Structure formats: structure tokens, C-alpha cells
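So you can see what is in the structure, the chains are spelled out below.
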Amino acid sequence: MIIEDFDFWLGKAGYFSLTLLIVTFYGLLVGAFIDRTIAKVQGRIGIPYRQPFINILKNFFKRTAISHGVMFYLGPVFRIAGGIGTLAFIPVLYGSEMFSNFSMAGDLFLVIYFMFFGQLGMALGAGESGHPYAAIGIARGLSQMTAYEVPFVLAVISIVIQYDTLSITQIVAAQQGGWQNWTVVTNWVATLAAMLAFLGMMGYSPFDIFLAPQEIPIGPPTEFHSAYLGLMQLNRALFGATKLVLFMNLFFGGATSWPELMIKTLLIYMVAIVVGVAFPRFRVDQGIRFFFKIPTLIGIMSIVYVQMMLVA
Amino acid sequence: MIKSLNTEDTLENAGLTDEEQQLFSNARPQAYEPYPIKAVEDFANWARANSLWILAFGTGCGAIELRPLMTARFDASRFGVAGRPTPRQSSVFVIGGYASVKTLKRIIRSYEQMQGPKFIICLGICPVNGGMYFDSYNTVNQFDQYLPVDLYITGCMPRPEVLVAGIMELQKKIKAGECNGANRYVENFDWYKANQKKVIKNWDMPDYNW
Amino acid sequence: MVVTNTIIDVLLQPLGIYVLALGAGFLIPLFYRVRRGSGVLVFFAALAAMAVIAGLNLLAIINGAPAIDIETAGIKPPFSINLRFGLLEGGFVLAVNTVALLGAWHYLPRLKQQAASLLLYLILVMGINGMVMTRDLFNLFIFIEITSIATYALIGMGRSDNVLAAGFKYVMATSIASAFFLLGTIFLYYQTGTLNIDDIIMNRDLIEGPIGLIATLFLLTSLLVELKPYPANGWGLDVYETADSGIASLISVGVSAGVFFALYKLLPLMDNYLTSIALIGGLTFLISNLIGLKQENTKRLLGYSSIGQMGLLTLAVALLKQTDADAHLPLIVGGLFVNHLFAKAGLFWLAGIVNRKCIGEWSSGVKRSEVLLLGVLITALVGLPPFPGFWAKWELVMLLAGNELFGWIALILIGSLLEAAYLFRWFSYARQQDSEQPDDAPAEASFSFMQIMPVTIAALLLFITGYGMAKTMHVASPEVFLPLVAGFAMWLIDRSHGRLKNLPMLAAVAVGGYLLTNDLEGINRLFSYLLVGGGILVSIAAMYRNDNRRGFYPLLTVLLLSLATLLRAQTSLEFFFSWELMTLSSYLLVTLGRNGVKPALTYLLFSLASAYFILAGFSVAYGATGSLLLADLGNSGDSVAIIFSLLAAGFIIKMGGFGVHIWLPGAYAESDDDFTAILSAVVSKAGIFGLFIIAAHLGVRSDIGLDPGYVLGWIGILTATFGALMAVFQEDIKRLVAYSSMGQLGYIVTGMALMSHLGWVSAMYITVNHFLFKGILFLSIAGVILRTNERLMYKMGGLIKNMPFTFTFVMIAIIAMSGVPPLSGYGGKWMLFNALMEKQWYWITAFAFFSSAVAFLYMFRLLQTVFLGQRKLEHAEIREAPMILLLPQMVMIVGIMVISAYPKLLIDPLSAAIDPWIANTLVWQGTALHAHFGHWNAPMIMAVVAGVFMIPLILLSLFALSMKIQKVEQFNIVYAAERPRRPEETHFAYKFFAHYDRAIGFTVRPRATAFWNSVVEWSHSAGASLRIFYNGNGQTYALFVIMYFVGLFLFNGGLAL
Amino acid sequence: MIKRLFIFMILALMAVIFFNLASNYTENTSLSKLGHYYVEKGPLEIGAPNLVTAVVVTYRGLDTLGEVTVLFISAAGVGLLLRRSRRKQDIDSQDRDNRAEESKNSHKPASEIVETATELLLPMIILFGIYVFMNGHLSPGGGFQGGAIIASGTMFLLLALPESHISRLMIAITESLSGFSYVVVGVLGVIMAGGFLDNRFMDLGTYGELFSAGAIPLIYTFVGLKVGFELSAVLDRFRQYDQNEDTDSV
Amino acid sequence: MNMLTDFPISLIVLCSGLCLILLGLWGMLTQRNLIRIIIGFSLMDTGIHMVMVSIGYVTGGTAPIINDAVAMNEAVNRVVDPVPSALVLTAIVIGLGVTAVMLSFAVRIHKTRKTLMIDKLTESKW
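These protein sequence lines are chains A, B, C, D and E, in that order.
The first sequence begins at 1 in the working numbering and counts up by one.
The second sequence begins at 10001 in the working numbering and counts up by one.
The third sequence begins at 20001 in the working numbering and counts up by one.
The fourth sequence begins at 30001 in the working numbering and counts up by one.
The fifth sequence begins at 40001 in the working numbering and counts up by one.
These are calculated hints, taken from the structure and not from any lab test.
Hints may be right or wrong, so weigh each one.
[Unchecked claim] DSSO-like mimics (lysine-lysine), calculated; alpha carbons at most 27 angstroms apart, straight line:
#  : chain 1 : residue 1 : chain 2 : residue 2
1  : C       : K20598    : C       : K20991
2  : E       : K40111    : C       : K20112
3  : C       : K20967    : B       : K10197
4  : C       : K20991    : C       : K20801
5  : C       : K20357    : C       : K20598
6  : C       : K20967    : C       : K20795
7  : C       : K20294    : E       : K40120
8  : A       : K293      : C       : K20991
9  : C       : K20357    : E       : K40120
10 : C       : K20598    : C       : K20801
11 : C       : K20964    : B       : K10173
12 : C       : K20964    : B       : K10175
13 : C       : K20904    : C       : K20801
14 : B       : K10173    : B       : K10038
15 : E       : K40114    : C       : K20357
16 : C       : K20964    : B       : K10193
17 : C       : K20076    : D       : K30033
18 : B       : K10172    : C       : K20964
19 : B       : K10038    : C       : K20872
20 : E       : K40125    : C       : K20357
21 : C       : K20357    : E       : K40111
22 : E       : K40125    : C       : K20294
23 : B       : K10193    : C       : K20967
24 : E       : K40114    : D       : K30003
25 : C       : K20904    : C       : K20839
26 : A       : K12       : C       : K20904
27 : D       : K30003    : E       : K40125
28 : C       : K20964    : C       : K20839
29 : B       : K10193    : B       : K10102
30 : C       : K20367    : C       : K20294
31 : D       : K30003    : E       : K40120
32 : D       : K30041    : C       : K20076
33 : C       : K20598    : C       : K20367
Bear in mind that the values here come from a model prediction, so they are computed numbers and not experimental data.
Throw the hints in and build the complete structure from the sequences for me.
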């Protein structure tokens, strides 16, 4: 299969690499932007735009490192492979064959499940570090994940019912033709549930207990440093952007060009930031309960809503 | 890739019980060379200088001066300064004033756990000569007897502005490739360790805290 | 010479039984006076001759000779007394005499002390024979009295303290009953002018009016009371409790048999009262078993069981009569009777040999052989295969179903379950011997051998009769019995070296499995690969233990081969037989575990409940279709929904469904570690197979609509969700994985419930996947437990350094389980979700998502707390798991990898096998599978993931080259500037998800356990309140006897008079 | 009290049932089917004028054999129940004499009148018993009645002379042999006549004579002996046990 | 009709027998002393025997002995039913046997337990 269409695959790989670069770059940039935005809120100037890049470079330029074992070494690799893979299965730009990446390999379920790949690998790496805080952080993170997953999945089911497909490309296709066709308009309930889940997914306050820098020194990555940390920072930019792209595709009509993508994802990101700046941190059980209450209810309503809509 | 333990050149770890020996690495720290290509090294130094992650460990009264550094008034993040809660990820250790023997032990442990290149800034007069605690029974007078210091910011207490100035000075030094305290520490490891052990009586750590 | 021949001829007639018994009985005192031994010899000769005579004559009748009618006094009946020796009579007489002979063997040490006891025993047996054979009402009375008086005297011979009091109560109650019998007889004579039973039956029109009613009720009451119906049976219980085991056994099986047969003979007179009889029998069966739950005294427990069995027999005969199913009588009543006879007698003897007052005391010092016999006898008594009780119960239930008497079926099944509960509770005590005793000393052994021989023979006779019944029911094909035969063969070499036994076991299963399954087709064939092949694969690992493991290999052989027979079952009977065999053998295997006995009991009870649901389902199906073929299940018309529900309930229980799962963690956790792997990876698939059977035959063919399927889907998904949630909070590694198994099976149930092609493929795919990863997980865990001797996860940690292979296997298994691409779990989840969405089961979909997210929690916990984190000091030196454990895991890893990369290899045969039931809806485009909603291209995902994994790996490696990476030890961690002190402090593992517990732990508080505990408590307190009638006062008991008569009179229209 | 009331109510219900029986009872005005046959054919077939005997010994001979068996086993049962345990006997034997002495003192010897009357009456009672069972087929009476009379003689003896000795051995031998002979007679009936316990394997003889009605006198002799000795044995056992108890309690 | 036909002789026996049965049962159920219970049993037994005998009575019949007193050819109309008589004979013996066994139980109980009260003998229950 791969041998036969070698050229095609080479092209795919090439364009995906391009996508990867753009999205990573964009993710780092947007990270800086967000940081500066928060700084503005606090009356500061904030970091320069280049800061995230420098941080990563610095980490890669560290000259000493330690290793707790093979899984510790592979953990960050898993982590970023999860990020890259997730991006690989999402069509980034609508209507562009080349920027559809490898989305023909799977559908929305694949993306949702592949998100766990990196988390699992990372968790294993952090686990091998032998640091109790890493384990605590993971335990918290995973617990919270099960909670925000519920409204998110309900919203996803809702839109899958709405569009009668699991293919992200087709979901985006169904939203073309103006803002009035976006899911956020046609199925605002589902979008609401998904955006609430999004808050948890992005790991900003009030749902950042699993990082808790002062309590459990940044949780899972406590022991990671140097190039490991560099990879993880890359992933944070990449994976964050990937999630934004996914949400954009599902709920905000996708994008047909890179600028559109950037604007949309930035705006989506702002939601998490605004909430994050405004609210203090939840305790982990509070966070979990929160997701099981209002967001889940909205998620349930979204399915009811979409069924009523289809009947009507 | 993972360097195997150099068995010939291991540390004694006399502070540990037999049972604990296997739980701590007994490897001796090694110095690192600059990158063979000058441009790369310069670039790396530039990156290091512009991304100074300070270990969030307030060791003395100077710690209070670190806080305003991140606030709107001083906003050290402009210079790439950020706090990190774990020594693994930090590159700068700010010794905030006097270092008591008890704290010194923790400082040493934390410093050794940082990954090189790593830098120490000593804040205030106390780490220089003991300052007002020069004859205290439990503070060390000359901090650089125990750990390699890259930059002193004297005063009692220096204001945050001075600290910002000091950080900028450190950046300059890093960019110039002059901050190699970590290597100095490794090269004179035995001397440093002897000094440390002289003041720290209950040495129950491994000799080098990886 | 001629005279001698004539005399021998006479003696060989059934009449010879009396002649010999009486003659010998009269002469025994003389012989005994001359020489004690000769008296004993005469005694045994007479008993043996009685059995032989019965046997010879029965054989003749079976071979076609007519029933023998014996006339006395040279006058034709009804003017003289006559006896009949027909098929039923012969069977009863032979059985009773055989048991009496064996019982005499057991009883001999006490019997031979007095000539009187010898002759009493002999005449007692003769009395029973007379009760069975006589055709004269008054003669029957005399035989009843002979039996009674002999019984009284033998009871009085007992040594226990309270035996006299018990005996007196017994005399009081039975003498009133006899008085009733006499009154009934005389008034019947008054009305019919005859005493011959046949004559009376012929002239039953003459029995009329109040006198007829009262006379008949007198007879009925008397016979019923002699059978000890609830609550007029306290006197019987007291005797069972206190009397010597020899006489108690004879009362329980012999006397009761005689009375029962008398009742049967007189039943034509009782046409109007059959309902009363059935009710009394049924209630007695139910209530005495309920009360038995609370009983601690060994022999009294047996008493309750005896009474229950008699109630069942009474119920059976009344219902058979009511439904005009006399033709089934020999099989059902005979089967139940023979079963009760040998099993109960054997149990009484065993109780006498072991001689422990309370069943709790059986937990120490009971010999292995005795425990084995106890197991066999209890198994038979409960009605498990291959014993006669199983076949009889099946036949009875089917017959009742044919007449739509479902209430009675429920009663019988509930009663049987209760009986199993207390009997196996007893067995559980006996199983948990305090310490493994060395083999008995030779001298003692021979003594105990002699003692135990009658019990052994009884057990053997049960096997033989069981086989005979199977033959009669035309299911005794070699295939069905192959598991037992193979298991027996393995048992013969059970004393040999532990590890060596594995190879013949594997060979036996392989050959047997091949013979049994090589002609299967379709889905059954696929299952055979899974169950037999998989079973063999996992069993290889059993070699990692080198201890003797007595009983393990024979039982495992039976288990695995019974799975094979399950697959080839064509009829519901074969299916049920194999199912029960599987249940039984797996139960016994669970008891072999460290603390396996107690959880095994729970397991067995739930399994039996499951089996009874299945039986009920099959019976309804039989009632609806009149056919036992599984293929005909679908033709059940209106009853399809109820059949489906019953069968599904049975399979769900067996799979540990939501709410009925409480057996599962215990059984999985406490059984042997390698057996847990078999239990989870292989045996649990039997439930899935069952579910498939009903889904295929009932769900699809008959188009029963969504409702039962939808309910099933919900059950499945709730099982999955709560299984996962409960797994999250376990500290015990095996319990964690056990709950995980429960959760995974939930997905399969949901997939089956979908009744769509994709749904079934997903279910089957998950099934295969589950086999692979659960096999790996449990075997890995076996290795970990072997090396660490720990089961609590927080006591482990950091084992990745010592057991890298095990860790890797567990990791791969867990990724395959979690559904994270690119490994095989994703395919199952993808198909399941697509199928769910297609079916528009959205809420279930959401739950499925949630539960698979929760599953991450426990999966990570398993890896983290066992293999990662801080290693304990004492685990520093442990080694990798033994090779023999890793080997099957490797095979399974390869399996996971193959189906991950090319799922088509698996899905195509699955799809083809399902195609006959539901048309294929899978669309393949190259390697991509397309469903209505989404698409899935496994090889491409695999390739992409491999690719994206390589990029950062290379990147990291490049930079790593430029660094000095120091390998450090476990305490080289950042620890807030302090140094860790002990691994225990630094290993975050205990209450790993405490915060999660705080958040939503309230959903998994053990409500199901609490519920079932309250069920147990309730039944115990019900039993306690139902037994208040047994106040120990003989007068109260006598009053109950009278009340029985009054009650029967009032119930049967006495008020109208 | 409540219990008594309850029992009273139950028995009252029984009484109601019995009233039902009695009120529906009408006296027979003719013989039942069985009775008719026996009265009509009995004298000819069996040759015994006493039809009850004919019924008891022949028509319902199996019942009678059972009845004998019942007696036999109840005697054996009483013996079994009232046996002295072996261990106790051993202990007892050490000071048996002592106790015998005491027990003798505890029973007053019978007066001479009683003794003499006993000697006089006992043979007559036994003789009468023998008469009754020998003539069972001719006149009211029979083996059981005769046996009972013999046993009443024993009873008389035991009451009058409590210390008198009855030979256990004799009782046992008679018991066993007469019982066994009865069975043998029954088997002879099968071999030489129509069936088990058929009395006609011996000549029926002249109707109404002592040695007639086939084997009935023979059977009744065995029965009478057996019943007599068995009842005696029962009585004797009670007596002996009673004595044991007395000695034990002293 | 006169009293005799309303109350035939056998009915009187029958009623007496039934009353005896009830009396015997009352004794068995209410008396606590074992010996009295046995007496109750005997009463009941006797009652049953009376009932049996009464059943066999044929109006105006005489003893079924076919000799000079009753001619063979008219015996059918003159004698009572011999069957119940035969049965009662057997029943009496059986009753005797049971009574003997009961008594020996009572004797033994008295010896081992030093009591004859039935409500003291309730060790085995439930």
C-alpha cells in the first residue's frame, strides 16, 4: 500500500511536516501572546514573543541530564508523539487535500482516543521517575480527564448525530457557507458543553490542580528537564494548538486558510484564558464534581436538543 | 546514550548506611565542554541568558526581594526570567542573603540537582563575608567556599532594582561565556565537598545529589 | 434334590426377600449366642441375598419379563394379600437393599454388639421392602409398623445424650400418624368392602361423602407426616440430629423411600388432593432448605436436606400425576430417589465417620479422601452433573414447563439453590483444612479405608446411575462424557510430580479438544479456537508452579474440555450439562486458591443461580416449542422475550454483570494466580458464547424487537462503568484486574445486545482482544505475585527494574485494553461506538466513553504502583518472572500486534461467521473499514503512529548525544531539598485515587454487596423465624401432626360438610 | 394455658370431623365383599370353622407373620433399649454380691399364700393358654390369645415371686425356633400348595376336629409359643431393668 | 322408628371409640408425664380398635364361627364380618409392641435424665 503510492505518501509526509511546523510555531507564538495578554491584565509587559522559543532552545542546550530509566527517557517521546499524531489525524484546513493530513486513517473517535496516547506515555515516564508528586499529579490529571471527557463526549455525540458522520472533514464541510452554519450557531448547546469541557482540557485555572506548581512542583514533569523538558514544551504548544484546531473544526466552521485558522483558534483560546485569569483554582474533587454537574447536564441537553432539531 | 556508571571514579557516599547505598547514585559529576562550534555555543549562551529560570527556593531574608521581581513594577519576565518550582528545570539559584548551615545543606542538595549550565547569584552582603552574622555559630561566612558563585549582588538588603540589574549583568556574563560555575564546582569537587562537610556535621546525603 | 431346587426357586422369587429376612431374623439370636461371628455372617448373607434377589428379578423385568405378582395363601386377591414386583418396585427395592447393605457395613461396629440390633436392622429393611411391594392396605400398615418399631428400637440404641428424647418424640408423632393410617384403612374398608389396593382403586367411586373424604385424608395425612412435611417434622429432625449415622441414614433414605412409595401407590385415591400434596411437598422443599441455611449441626443439616428432598419427591410425584405424565415417572422420581438415596446415605455415613458435631468443625483434621467424597456426594445431592439428580431435575423441569407450571419450576429452582447454599457451605468448611496433612499412616489408612468404603461405593453408584440415566435420556454420547473421563484419567496420575502433570493435561485437552471441536463451523469454531486453544495456551503457564497441586490438573482438564463440549452442544440439555460441569469444575478450582474457599462459595451460588436462570429459560423454550434443540429456540413465538430475558439473566450473572458481580472479585482474586488467568481470559468467554447463542437464536431470528436488547445493552454498559469505577479503588492487584474484567465483559454484553452485524463483530473482536490482554495481565500478575509474595499494590513498586519483560507485556496489554490507538483495543471501541451510534443508543455511547476514560485510571494505577515509582528495599533482589510464564504472554503479545496492524485478519472470519445470522454490513476499502459514521484504517494508523513516534525519538536522541546523561538511582529525586528516607514514604500508591473517591466515590459504595448481604441475612432470619415451630417439645410436634390432618381437611372442603 | 386452649380447639375440630364420621355412619346390613367371600368360601377352602382364624392365619397370613414379627422386634427392641451397658456391668460385678444382698432386703418375700396359689394356678393358666391356641381354628381364640394367656401367667409369676428366675436361653431358643418354623411352614405352603402361608399343604382333615384345617393348628402352635415367650421376655426385661435401676440408685 | 335403629349398637361402639381416641389424644397432648402420655396413646389405640370392631358389625350378626350354631348355608346372613375382627387382632398386637417400646423409652429416659417430664426433653431443637 505504502510502496505503491510512494509519491503520494511522500507528499503527505511533506505537507504534514509543514503543518507540524506551522502549528508548532503558531502554538508557541500564541503561547507567548496569551502570556502577554495575562501580563497586560496584571499590568505587566510580559515576555517577549520569542521567549517560548528561547526557553525550548535553552532546554535543548542544557549540557547535563539524568535518566531514571527507559520509560523516563521515552515518556516525553510518547508525549509529543501523541501530540503530533493527534494533529496528524485532524484535517487542518478545509478544502485543502494536502493539509488534510492523515485524516483518512480515522475519524473523530480516533482523534479523541489518540489524545490519550501521549498522556499515557507521559504518565509512564513520570511514573518511572519515582517521584511521588509526579504520581499524584497524574492521578489528579487522569481523574479530571474522566470528568471533562463526559460533557465533551456528549457534545461530540450531539454533533455526530447532527451531521450524521464521524469524519471531521465532513463535519467541517457541513459547516461551510457562512457563520450561520457553524455548529456554535446550529447546535449552541453542544458547543457550550464542549467549551466547558475545553476549560478542563486546556488545564488552565481553575482546572490546573494537576500541575499545582507550588503544592506538587508542577506535578508530572517534576523530574523532567533539559531536552526532555524541551520536548514537552514543544508538545504543550503543539498539542494545545491541535486541540484548538479540533475545536475549531468541530464547532466553529473549520478554516479554509491559515490566517482564518489562526484567528479562530486564538479566539477559542481566549475563552480558556479569560476564565483562567478570572477564577481561582478548584480542588481536584471540586473540579470533577463541577464537570459532572452543569456541563454534563448541558451535554445531555445537547443530545436532546439535536434530536428535537432533527425531528423538527 | 545513557552513560554507564563509571565504576572507577565513584563517590564513597560515606554518609549513607549500607542499605541506602544502592538507592542513591554514587557517580561523580563531570564537567562539560562548550560546543565545538563557537557559533553554536554563542547561540546556546544567548538562549541560556535569555531564559533564566530561577529556582523558587527562598533561602534567607533576601527571598522577600525576589517576589516583587515578577510583579508589575519590575516585571522580570521581560528578560526571560521565570520561577520554577523544581531544581531540575531551573538554571539560576538565587541565594537570598545569609545561608545558615541547616539551609546550606538543602542549598547544596538543590544546587546539585540542577542541570548545567547553572548559575548562582548571591544576594546581599551575608554570602560575601557573613555580614551582620559574621560571628554567628550557624551561618556560613563565605558562601563561595561551599558552592561556586557566578554573581554577587551586595547590599543589605539590595532592592529589586539592583536584582534586575544583577540579572542583566548575569546575562551579559553568560553571553560572554564566563559563567561556568558548574564546571568549577565539578573540577574542584573534592575541595568544595570537604568544605561543605566541615560545616555540615550530619551529612546523611550522598556526596553528590544527582 | 428337586426339593432343594424348588426351595431355591422360591427363594429367588421376590418373596424370598421376606422369607430370608424373617428366617434369618428369627435365627440370628441363636447363631449369635453360639458364636457372634456366625450371627453377623447370617445377617450379611441375608442382606446380600435380599439385594441379589431384588437385582435378579429387576433384571428379568428390565429384559422384558412381566411384573411379578405374588399371591399368598393360594387364594386370588383381593381375598388374600398379594405383592407386586414391577419395574418401579424393583428399582426401589434394589436401591434400598443396596443402600441397606452398604449401610450395614458402615453401621456394623455398633450393630454387631447386640444380636437384637442385627435382627432389627434386617427386619427394618424387610419392612421397607414390604412397604414397597405389598398391594394390601392393611398389610401396608403392618409393614409401616414393622419398620417403625424397628426404627424406634435402633434409634434408642444410639449413644448420644438426647437420642432417647428424640426417639420418644419420634414415637409419639409416628404413632399418631399410624393411628390415622389405621383409621383411614378401616373406613375405606367400610366403604369399599375390600382391602386390596388395586381393588380399592377400582372401586374408588364407592369412596364418597364425608366418610370417604375423611378416610382418604387420614391415609394421606399419615403418609405425608411420615414423610416429614414442614412444619410437622421436628421429631424427624431431632432423630436425624441425635441418632447414630447408620440408622439416621436408613430413616432418611430407606424408611422415607418406603413411605414415599406407599404414597405413590395410594395416589390414585388422592386425585382430588394432588394440589395439596404438591403444595405441601413444594413448601417443605423450600422451607426446609431455607431453614437449613442457618443450621450448624452436621446431622441436623442433613436432616433438613433429607426433608427437603422428600418434599421435592412428593412435589414431583404429585405434579407428574396431575399432568398425567406417568411415563416420566421412572426417570424423574426414580432419578431423584436414587440420587437422594445414595447421596444422602453416603453423607450420613460420612458424617458418622468424621463425627463432628458442627459443620464448622470440619475445617480441621478431615482427611483428603473424606473431603473428596463429601464433595462428590454434595454435588450429587444438589443435582449437578453427571449425577442422577441432574438428569431427573432437568426432566422434571422440562416436563413442568411442557405443562406451563412455571411457578413450580421457580420454587424448585429456588429451593435447589438454597440447598446448594448450605451444603456447599459445609463443603467449604471441609475444604479449608487448617494445614495440609501428610498422607495417612498406613495402619490407620487401611482402617479408614474399610470405614470409608461404603461411602465410596455409594459415590461410585451415583456415577454409574448417573451414566445410566444419561443413557436413558440419549445424551450419553462419548463426547459429552469425555471431560469427565479425561478428568478421571488425570486424577489417576494426580499423585505424580507437579510440573510433569501439566504435559499430559495439555495433551489430553489438545486431543480431546480437537476431537470435540474439529467438526464445528462458524462462530462455534471461532469460539473453539478461543476457548480450547486459548485455554491450552494459558494453561502452559501453570507449569510455573512446581508444587504438587493436588486436584488442579484433573479439574482443569474437565473445565477446558467441558468448554469444548459446550461449544458442540446441539440441544439445550447438552448445553446445560456442559455448563454445569464447567461451573462445578471452575468452582472447585477456585477453592484450590490461597483463601479461595469462601469466595468460591459465593461464586458457586451465583453460578448456580445463573444456571437455574438458564434452566428456567430453556424450560420456557421447551414449553413453547416442545423441542430441546438450540436451533429451535427462535420458534418460541410469544415467549421469546421471556426466554431471552431468563437466559440473558443467567449469562449476565455468570459474566458478573452489574449488581450480580459480587462473586467476581473474590473468585478471581482468591483463586490460583494462573487459574485466574484462565478464569478471566477463557472461562468468562463461555458466558459470551451463551449470550451469543441466545442473541443469535432469539435476538435475530425471531426479531423480538429492541426492548430486551436495549435493557441488555444498558446492563452491559452499567457493568462496564461500574466495573471500571470499582477497579479504580482497589488496593489488591488481582481484585483490580478482576473488576477490570467485569468492566470489559460489559462492553461485550453491550456489543451483543446491539443485534447488529457491526455490534456483533465488535463484541467478538473485543472478546478476542479481552482474551489476549487479560491473559497477559493475569499471567504477569501471577509472576509478580510469585516474586514479591504481595498482592497489595502499595506494597510493590519500581519493579520495572527487576521485571522489564513483565512490565513491557503489561504495558502493551494495558494499551490494548484501553483502546488507545494504534493497538487492538481501539478497533473494538471504534466498532462498538459506531454500532452504538448506528443503533442510536446515544446514552449508552456516552456511558461507554465515560467508562473507557475511567478505565485509564486503574490501568495507570496498575502500572504506576506496581512497576513504576519507588522499589521497596526487600524487592531489590527479585528476578524476572519465570520463562514459562512469559512464554504464553509473548504469544499473546504477538497476537495483539498482529490484530492491531491487520485487524482484517480477525474481522473477516468473524464477519463471515456472523453473516449467516445478520447480513454483513462492513465495507472495506483497501485496509480501511467504513461504517455508516466513520472509518478506520488500522495499518495506516499503525504506520503514522510509528512515524510520529520516530520523529521526537530521533530528536531527543540527537540532543541526548550532546549531553552527559547520568543514569541515577531511585532516590535521586527532587524531594523538596530533602532526601527520601524510605521507599514506602516516597511511593505514592496507597489510596491512589482518594480524591476521585471524594468526588464520585459515593457511586461505588458497595451497595450490591450490601444488598446481597441483606438478602442472605433476610433468608437467614426467614429461616430462623420459620423454624420457631421446632421448639423441641414432643407434644408440640404431635399437635402439628393432628393439625396437619385438620388443615388438610379444612383445605379440601371440610368446611363445606 | 393458651397452648391448652389451642390444643382444645384443635381437638374440637377433630371432634367435629369425628362427628361427621359418626353422623354419616350407617350400620352394615350385609357383609362386605371380602366378608361375604370368607363366610361363604372360608369353611370349605380352609376348613376352619372359626372364620376369624381362617382370615388371620391363611387369607391374611402375611399380616399375621408381620404381626409376629412386630412382636418379635418389639421384644428385641425392648431388650435392646433396656440392656445394661457393658462397662457398667464390669463395675457392678465387683460389688455385685453386696448389692444383691441389699436388693434382697429391699423386696419383701411373698407370703406363703401367694406362693402356694402361684404354684397351683400357674400350670393351669399355661395349660389354658395352650388350649386356647390349639383350638384356635374351632372356637374363639388362637395363637395370640393363647400366647397372651401364657404371658399373663408369666406376669402373675413375676408379680407373685419377683425373685423367680426365667431362663433367657429357653425364651430365646423357643422364640427363634418357633418363628423360623413359622416361616418354614409358609415356604412349605409355596412348595406344596398354592402359595406362601397356604395352610392346605397338610390334609384339611375332618371339618370341626382338633387336628383339621391343614396347618392351622401347627401355625397357631408356633404363634402361640412365640407370642407367649415374647411377651414373657418383654415383661422379664422390664423387671430386670427395674431391678438394675433399684440397685443403681442405692 | 325406635331408638335402636336411630342408634344402632355399632354406632354406640363407634362413638365410644371416637371419644376414646379424642381422650387419648388429649392425654398425649396435654399430659407432661411420659407415662401418662403412653397411657394416652393406649387409650387412643383402644379407641381405634373399638372403631374397627364396630365397622365390622352387621346388624343382628353373630360371631363368625361356622359350627353347629350357625349353619354353613345361612352363615352369610347371620354372622358379622370376620375381617375387622382379624384386623383388630393384629392391631392390638402392634399397639402392644409400640406401647412396650414407648415404655422402655420412658424407663431409659427416666434413668438417664432423672425426669419424666416431656417439656424437659427439648435439647435438640431448631
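Legend entry - Violations among the numbered hints, reported as their numbers in ascending order: Of the numbered hints given earlier, those the structure breaks are 10, 13, 19 and 28, listed in rising order.
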